[in-house]
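Chemist: Letter by letter, the chains look like this.
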Amino acid sequence: MEVDILELSDRSAKFVLSKVGMAFANGIRRAMVADVPTLAIEYVNLYDNTSVLYDEQLALRLSLIPLVTDLETYMPQAECTVCGGEGCPACELSLTLSSEGPAVVHSGDLISSDPLVQAADANIPIVELKKGQKLVLEAIAHMGYGRDSVKWQAGIACGYKNVPIVSVENCDACGHCAAECPKSIILVEESGAMVPEEDLLKCSLCRLCEKVCDINAIKVSFDENAFVFTMESDGSYTARDLILNASDVVKGKAEGLISILDQL
Amino acid sequence: MISVRCFSCGKVISNHWDEYKRRVDGGEDKAVVLDDLGITRYCCRRMLLSHVELVDVLSPYQ
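Chains as they are written, first to last, in the numbering used here: chain A, 1 to 264; chain B, 265 to 326.
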């Protein structure tokens with residue numbers, strides 16, 4: 001397996017994963033979306049709400065706020081070894097919010113009982129309070145999996161495509177393919193059409209160039225064992241941590257399978 | 265209130281609403297503002313483009 005990082009920032013990453021099968025690539029993708037646990041608000045105790053939003057709408061908005069997650073400190077509630085799922089400091093934490101209008105309540109106004117766990121973005125508007133409107137609540141956040149609810153989904157727009165291979169033979173440099181290419185990556189020179197190496201990964205494998213070519217000079221294929229991955233994180237983990245955690249999840253599942261097979 | 269996340273992909277978009285509204289009201293092109301804010305996918309772009317803020321309309325009827 002080889003990893004070639006093309007772009008890496010705090011919240012997003014793009015990399016080429018090669019010399020692996022499609023099942024493995026898809027395993028990583030699914031783990032990023034569904035199997036890396038994150039913290040999200042699960043219960044809300046509302047003490048006062050005279051805002052324009054119903055309690056349920058407020059709870060939904062609160063739940064969708066990504067919280068910076070520490071995978072070491074918290075564990076998913078159903079798997080909690082300390083309390084067995086009852087709720088304890090190892091699997092849940094509380095956040096409080098108290099505000100009076102006129103004001104816009106932002107995610108940064110949530111006061112967390114754990115200073116390490118904060119809203120990933122402090123400027124997410126929760127509700128706008130007019131003069132005299134009040135909002136007082138306590139929210140309980142749990143660890144959970146993206147497969148159970150979108151609020152626990154850390155990976156956003158995780159996807160991959162095969163690394164494209166564009167080959168040109170006996171080209172008459174008519175330029176039809178270059179005109180047809182929606183990504184405009186085909187250059188026509190005297191010797192014929194070609195795709196510069198730095199633009200090759202932009203190819204979406206649409207094969208319009210193949211169809212428009214009268215003499216079948218251009219061929220688009222792909223490498224079955226190399227993938228261009230794009231992924232974003234919602235902020236609960238950095239992009240790098242999310243990829244590493246997803247890999248750990250896949251590894252953990254594989255080890256689980258081995259131990260089951262050993263017992264047979 | 266603007267939805268916290270994009271309905272389709274789940275990206276948090278509501279934190280860009282204030283800046284988007286301010287700049288669009290100031291006469292800037294919506295497409296340029298969205299590009300500046302780093303909202304590249306069309307699922308996320310429609311969230312801001314099509315949002316109608318109703319808090320001011322609803323607030324007298326509490």
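Incorrect hints may have been included.
Claimed, not checked - Taking lysine-lysine and the DSS-like style, the derived pairs with C-alpha atoms no more than 25 Å apart in a straight line are:
(1) A:Lys19 x A:Lys161
(2) B:Lys294 x A:Lys183
(3) A:Lys253 x A:Lys19
(4) A:Lys19 x A:Lys219
(5) B:Lys285 x A:Lys130
(6) A:Lys130 x A:Lys161
(7) A:Lys202 x A:Lys161
(8) A:Lys131 x B:Lys294
(9) A:Lys253 x A:Lys130
Derived from the structure by calculation, the hints contain no laboratory data.
Just so we're clear, the structure is a prediction, and the values are computed from it rather than from any experiment.
Chemist: Against each hint, give a clear statement of whether it holds in the structure.
Modeler: Each hint, compared with the structure:
no., hint, result
1, A:Lys19 x A:Lys161, "holds, 14 Å"
2, B:Lys294 x A:Lys183, "holds, 23 Å"
3, A:Lys253 x A:Lys19, "holds, 21 Å"
4, A:Lys19 x A:Lys219, "holds, 22 Å"
5, B:Lys285 x A:Lys130, "holds, 19 Å"
6, A:Lys130 x A:Lys161, "violated, 48 Å"
7, A:Lys202 x A:Lys161, "holds, 10 Å"
8, A:Lys131 x B:Lys294, "violated, 31 Å"
9, A:Lys253 x A:Lys130, "violated, 50 Å"
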